[in-house]
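Participant: Sequence:
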Amino acid sequence: MPDTQLEGTPLIAPSSTDHPLYEQVVEACRSVYDPEIPVNIYDLGLVYTVAIDAENAVDIKMSLTAPGCPVAGEMPGWVADAVGAVPGVKQVDVDLVWEPQWGMEMMSDEARLELGFM
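Heads up: the sequence shown begins at 1 in the UniProt record's numbering, then just goes up one per residue.
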């Protein structure tokens with residue numbers, strides 16, 4: 001079966017970093033923690049894309065450290081609740097994606113330091 005990914009297309013779609021709500025949405029993501037790891041999901045690198053449209057609808061693409069993560073069914077809801085509480089956000093969709101697979105290189109320096117990898 002041919003790969004549907006177009007050559008030159010990034011595996012992770014860009015985020016709406018210039019949107020006025022972007023930083024607040026990121027901070028909301030930082031309030032969510034993987035229960036097994038003492039670092040928030042944003043600094044772990046689990047949040048791949050934060051797309052915010054002109055109507056302030058937020059579409060988040062995120063992954064988990066492993067497909068068998070015990071909170072796989074709950075984590076998207078936690079993120080949606082946290083981001084949905086940001087003033088001005090109209091709606092939130094959180095999709096779990098498995099491509100690209102999460103790896104420790106996606107963690108922020110702060111997360112690596114916290115977990116003793118630096």
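In short, the hints are calculated from the structure, not lab data. Hints may contain errors.
Said to hold, decoys possible - Now the in silico label distances, taken between C-beta atoms and shown as ranges:
# : residue 1 : residue 2 : range
1 : R112      : V26       : 27 to 37 Å
2 : D81       : T49       : 29 to 39 Å
3 : M104      : E23       : 39 to 49 Å
4 : D18       : G84       : 17 to 27 Å
5 : A66       : R30       : 13 to 23 Å
6 : G103      : Y33       : 34 to 44 Å
7 : F117      : E55       : 22 to 32 Å
This one's a predicted model, so the numbers in the text were calculated from it and none came from an experiment. Beta carbons: idealized from backbone N, C-alpha and C, even for Gly.
Participant: That 22 to 32 Å hint for F117 and E55 (C-beta), does it hold up?
Facilitator: 40 Å, violated
Participant: Can you let me know if the beta-carbon spacing of A66 and R30 is within 13 to 23 Å?
Facilitator: Given range 13 to 23 Å: holds, Cβ gap about 21 Å.
Participant: If I claimed the Cβ atoms of D18 and G84 lie 17 to 27 Å apart, would that claim hold in this structure?
Facilitator: Given range 17 to 27 Å: holds, Cβ gap about 22 Å.
Participant: Determine whether the Cβ-Cβ distance between M104 and E23 falls within the hinted range of 39 to 49 Å.
Facilitator: Roughly 25 Å apart at Cβ, these two residues miss the hinted range, so it is violated.
Participant: Starting from the hint 27 to 37 Å, judge whether the C-beta atoms of R112 and V26 obey it.
Facilitator: 18 Å, violated
Participant: Is the distance from the Cβ of G103 to the Cβ of Y33 consistent with 34 to 44 Å?
Facilitator: 19 Å, violated
Participant: Can you let me know if the beta-carbon spacing of D81 and T49 is within 29 to 39 Å?
Facilitator: The hint (29 to 39 Å, Cβ to Cβ) is violated, given that D81 and T49 are roughly 19 Å apart.
Checked against the numbered hints given earlier, the structure breaks hints 1, 2, 3, 6 and 7 and satisfies all the rest.
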